[in-house]
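Number 1248 in our numbering belongs to position 342 of the sequence shown; there are no gaps in the numbering.
I should point out that these hints are in silico values taken from the structure, not numbers from a laboratory.
Treat the hints loosely; a few may be bogus.
Unchecked claim - Here are the simulated DSS-like cross-link-like pairs (lysine-lysine), alpha carbons at most 30 Å apart as the crow flies: (1) Lys-925 x Lys-1147; (2) Lys-1119 x Lys-1251; (3) Lys-925 x Lys-1251; (4) Lys-1419 x Lys-1056; (5) Lys-1056 x Lys-1251; (6) Lys-1056 x Lys-925.
This structure is a prediction, so every number in the text was calculated from the model and none was measured.
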Amino acid sequence: MAVAAADPAAAPLPAAATKPPLRGGALALLTLAIALSTFMEVLDITIVNVSVPTIAGSLSVGVSEGTWAISSYSLASAIVQPLTGWLARRFGEVRTFTASVTLFVVFSMLCGFANSMPMLVLFRLLQGLVSGPMVALSMTLLLANYPNEKKGMALALWAMTVIVAPIFGPILGGWITDNYSWHWIFFINAPVGLLAALVVWTLLRDRETPIQKVPIDRIGLALLVIGVGSLQFMLDNGNDKDWFSSPLITTLGIVALVCLTFFVAWELTDRHPVVDLSLFRRRNFRVGVIALSVGMFGFFGINVIYPLWLQTTLGYTAEWAGLATAPVGILAVFFSPLVGRMIAKADLRIMVSFAFLVFAFTTHWFSTFTAQASFGQLIWPRLIQGMGVAFFFIPLNQIILSGLPPSEIASASGLSNFFRTIAGSISTAVTVTLWQHRADYHHAVLTESVTAARPAAEQWLGTLQGVGMGQAQALSLTDQVINLQAFTLAVNDLFLLFSGLFVAMIVLVWWAKPPFGSTGGAPAH
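Let's have the full structure, built from the sequences with the hints guiding it.
What follows is the structure in structure tokens.
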């Protein structure tokens, strides 16, 4: 159910909607500040990934313990993201965003000063908690202060930031760690975040949205924290603990299922829900979020398994794996402004369908590569895939927000970002597990061919023994070759699966119903 009206006794501050949109230098400065803060937050999700071994060694813990620096952040951020709408209503969008950015900088600095893993995990947890509203409110504030005719461009600029930051995070993180110290991956947030917070507050403090002092939904909040926390922890650690063969993972799965089931029932009936699930009654919001989540499942799975295959199977370093992944950002940045200009005139379903076709084509292309594929061959599908990225994120977010009044944009953006984040977490867990299982399958099938009854196998082993290898050495090398081919075949299987998934998503997109209007639910021009 929708949130009840604000307390009449609460004197609302002037809403941004009552002010004329920003123009000229002020608009450019606001865009830069919000883009920098969004880039900083999204970058921090991936920048730590490549530095985990260095951090773990520096703090005298194992790599598995070092991954807590990643999972603690993602767990806390996932919990707070769906609360964005409630926080914005309770404290104001500008105040919530500025506080979020400022506290993010504070906890970033504390992460950099951490001298033990428990300290780092604690500060990363707090950093994740305060980061939750940043991405959703960055889009909300841009849309609220851009002229109607330029809101498509605002959405394009926001999407460019969200798209590019995760791609360059591992590259930047590796470079800083190798050339300076892992502490600096946190310290670099200070000047960026403080400048962004100062600019946003200076430009928008007199454009604050009305404040609604509604009661806190304590039961809904508790169910959300326990349910999402259990789900995120299960997804982050399930693969390492062999999933449901572990009593801990089984327990977490049951707790997540029970809490989230009761959470949905409670939020749909409570007078003052902490998360406005009534948004799903809107057809375009429902279709858009499902398409975004499933699309992110496939896209994120590609971005997880591709560099992992390059490093663990083909012997790429982290830096070269990052360089092989990065070309996807080139055409994404190039086409995003074009999509922003087209968004008010084109049928968004055609644009998203085109994106899914590009994803399907490039992932099918990837499924044909062998372990002997060169760097030059590998980067072409990634480059072309970037064109689909621009046509995927921007129109889908417009579909999600179409028909919504300005007062619901923050809630809708927070909720859609939550599902995007959870889809990425599920994709990571499922993709890595499927890759391992398919590799085991292909290894078993290929091993069956290494017998005395197969002339090719006999010839291969004979050649190895002919150059001085013993039988044990020859068999060991053969097993390494089989592993190489097995993991490559497993990657091919996953890319083929994702290709089919993207094709299937085209059908879903056409359930969305025009008119979609201009960005943020305003009437179309």
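Against the structure, the hints come out as follows:
no., hint, result
1, Lys-925 x Lys-1147, "violated, 54 Å"
2, Lys-1119 x Lys-1251, "violated, 39 Å"
3, Lys-925 x Lys-1251, "holds, 26 Å"
4, Lys-1419 x Lys-1056, "holds, 23 Å"
5, Lys-1056 x Lys-1251, "holds, 13 Å"
6, Lys-1056 x Lys-925, "holds, 16 Å"
Violated hints for the displayed structure, listed by number in ascending order: 1 and 2.
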